[in-house]
Amino acid sequence: MRLPLLALLAKEPAHGYELKQALEQTFGAAYPRANIGQVYVTLGRLEKAGLIEGRDVAQDGKPDKRVYAITDTGRQEVAKWLTEPTEGPRVRDEFFLKLVLAPETQLADRLTLINNQRRHYLNVMRGLNRMAAEERGNQVSQLLIEGAVLHLQADLDWLERCQEELT
Amino acid sequence: MTGQDNAVPVLRATGLVKTHRAGRGGAEVKAVRGVDLTVERGDFVAITGPSGAGKSTLLHLLGGLRRPDAGEIHLDGRRVDTLREADWAVLRRRRIGIVFQTGNLVSDLTVADNVELPALLAGQSARAARERREELLADLGLTDRAAASPAALSGGERQRAALARALVNDPDLLLADEPTGSLDSRSAREVLALLTRHHARGRTIVLVTHDARVASSADRVVSLFDGLITDDARVTDTPPARGVGDVLDLGG
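Which chain is which? The protein sequence lines are Y and D, in order.
Residue 1 is where the first sequence starts when you use the numbering used here, and the numbers rise one by one after that.
Residue 1 is where the second sequence starts when you use the numbering used here, and the numbers rise one by one after that.
Warning: the hint list may mix true and false statements.
Residues of chain D clear of chain Y, computed beta-carbon distances all greater than 10 Å [stated by the list, open to error]:
id	residue
1	V8
2	P50
3	D87
4	A89
5	V90
6	F100
7	S125
8	R132
9	R213
10	S216
11	S223
12	D231
13	A233
14	R242
15	G245
Label-pair distances were calculated between CB atoms; the ranges are [unchecked claim]:
id	chain 1	residue 1	chain 2	residue 2	range
16	D	T143	Y	V41	51 to 59 Å
17	D	A241	Y	E146	51 to 59 Å
18	D	T236	Y	V41	44 to 52 Å
19	D	D139	Y	R66	35 to 43 Å
20	D	D139	Y	P89	45 to 53 Å
21	Y	L82	D	A241	42 to 50 Å
Don't read these hints as lab results, they were simulated from the structure.
Small disclaimer: the values here were computed from a predicted structure and weren't measured.
C-beta: ideal position from N, C-alpha, C; glycine also.
The following block holds chain Y by itself, in its conformation from the complex (with noise of 0.2 Å):
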C-alpha cells in the first residue's frame, strides 16, 4: 500500500479518498478494495518519515481534508522502487505443506485433498471467468485477471503433477 499510494502522488497531489477512487479505477472491480483506515495510517506513516507533506484545505460545511503532496525524498524513493527488480517469493502455497503432511497424520487422505483444492480453483477459475466479462474495457484489469487465470492454470497443472506422483 505504501509504495502505490506514493506512486499516484508523484503525479499530482491528492487526499486520502481520491488516492483509495484512483487505485480501485486503475486495477477495477476485480482486484480486492482498498481499505480507507489502512490508506489514512498509511499517508501518516509516509508523512512522518517525511517522504510526503500534508497541509489541511478547508471545505464548505464539512471538515478540513488534508492534501498530500510528494517531496524529493519521496520521489526518489518512488524511482528507486520502479527501477529495482522486484524480488521475493513468486508463490505462496501452503496447500502443498498439507499435501505432503497428510498421510503422517492420518487425518486426512491426498487425493481427497487434491480433489477439493481442484474444487476451489476452478470455482475461483470461473468467478474470475465472469468478472473478465464484467471488466471488459478495463486494459489493467484484464491484464490483471489474465495473471490470475495463469497462475491458476499453473497451480491445477502442478495439482496434476502431484496426483500423479503421490496418489
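Start from chain Y and add chain D according to the hints.
Just chain D, lined up with the frame of chain Y:
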C-alpha cells in the same frame, strides 16, 4: 431438439474399458479402465486430466468412433455400443455432433458446403439445409466467410465452422475433443463463449480439455487419471470473495 423424456439421461456409460495395443504384438496399454459416466439432458461436462489419462479415448468411445472392449453405452435409454458402424454413422449425423481439436472440415468444400453437407446427408431438404446453415454461420459470426475454403480461415474461424457443422442437425449431444487446444487465447475465448451460449440454450455438451478456463465454464468437471474417474464435481456459481485477490497479491 427432440422431445425426449427428461428423466432418461442423454448418455449413460457403464464399465467402459478400452485397451490399446502399441503396434502388432506390442505392449497392451489400458487407456480406459472401467468408466461409469451419466450425462443428463442440458448438462455441460468437462473431462480433464493429464495427457495419457484416456480423455480422448473416452470421448471417442462415447461418439462411437471406437468400440469399447467392455462396458455399455446408452443414448437416450437405447443401447448403442452394440450397433454396427453404419448405424453409428447415422447417429453421428443426427444425434451426436463431434468437434475435434483441428476443426474437421472437408478441405475441397467451401465453409457453407461444409456446414450444409451433414444436413443434406441427414435428409434435410436443400432449402432447410441452406436456411439452417445461414442461421448458424450468422450466429457464429462467419456469414462473410461462407464462400471461403477452410484453408483460408484462421484457426478460430475454422473451429467455429467445425462447430457450425457439428450443430447443423441440432444434435442431442455435442462432443468436443480439446476444441480450443490449437487456438490462441482470443480465439479460444470466442469458441468458449459460443459453447457457453449453446449450453445456455439447452444443448448437452461433453468436452475434453486441458484448459482450466474451459473446464471451469462447464457445470461439471470430471477428472480422469490413468483411465479412471477420480473426481466428478459440480462447479459452483459463487464468485470468489476477493476476486483476483484470491490468487494474486500485488503487494507494494
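So, going through the hints one by one against the coordinates:
no., hint, result
1, V8, "holds, 28 Å"
2, P50, "violated, 5 Å"
3, D87, "holds, 37 Å"
4, A89, "holds, 35 Å"
5, V90, "holds, 36 Å"
6, F100, "holds, 22 Å"
7, S125, "holds, 39 Å"
8, R132, "holds, 29 Å"
9, R213, "violated, 6 Å"
10, S216, "violated, 4 Å"
11, S223, "violated, 7 Å"
12, D231, "violated, 4 Å"
13, A233, "violated, 5 Å"
14, R242, "violated, 5 Å"
15, G245, "violated, 4 Å"
16, T143/D with V41/Y: 51 to 59 Å, "holds, 58 Å"
17, A241/D with E146/Y: 51 to 59 Å, "violated, 20 Å"
18, T236/D with V41/Y: 44 to 52 Å, "violated, 36 Å"
19, D139/D with R66/Y: 35 to 43 Å, "violated, 56 Å"
20, D139/D with P89/Y: 45 to 53 Å, "holds, 47 Å"
21, L82/Y with A241/D: 42 to 50 Å, "violated, 31 Å"
The structure does not agree with the numbered hints 2, 9, 10, 11, 12, 13, 14, 15, 17, 18, 19 and 21 stated previously, though it agrees with the rest.
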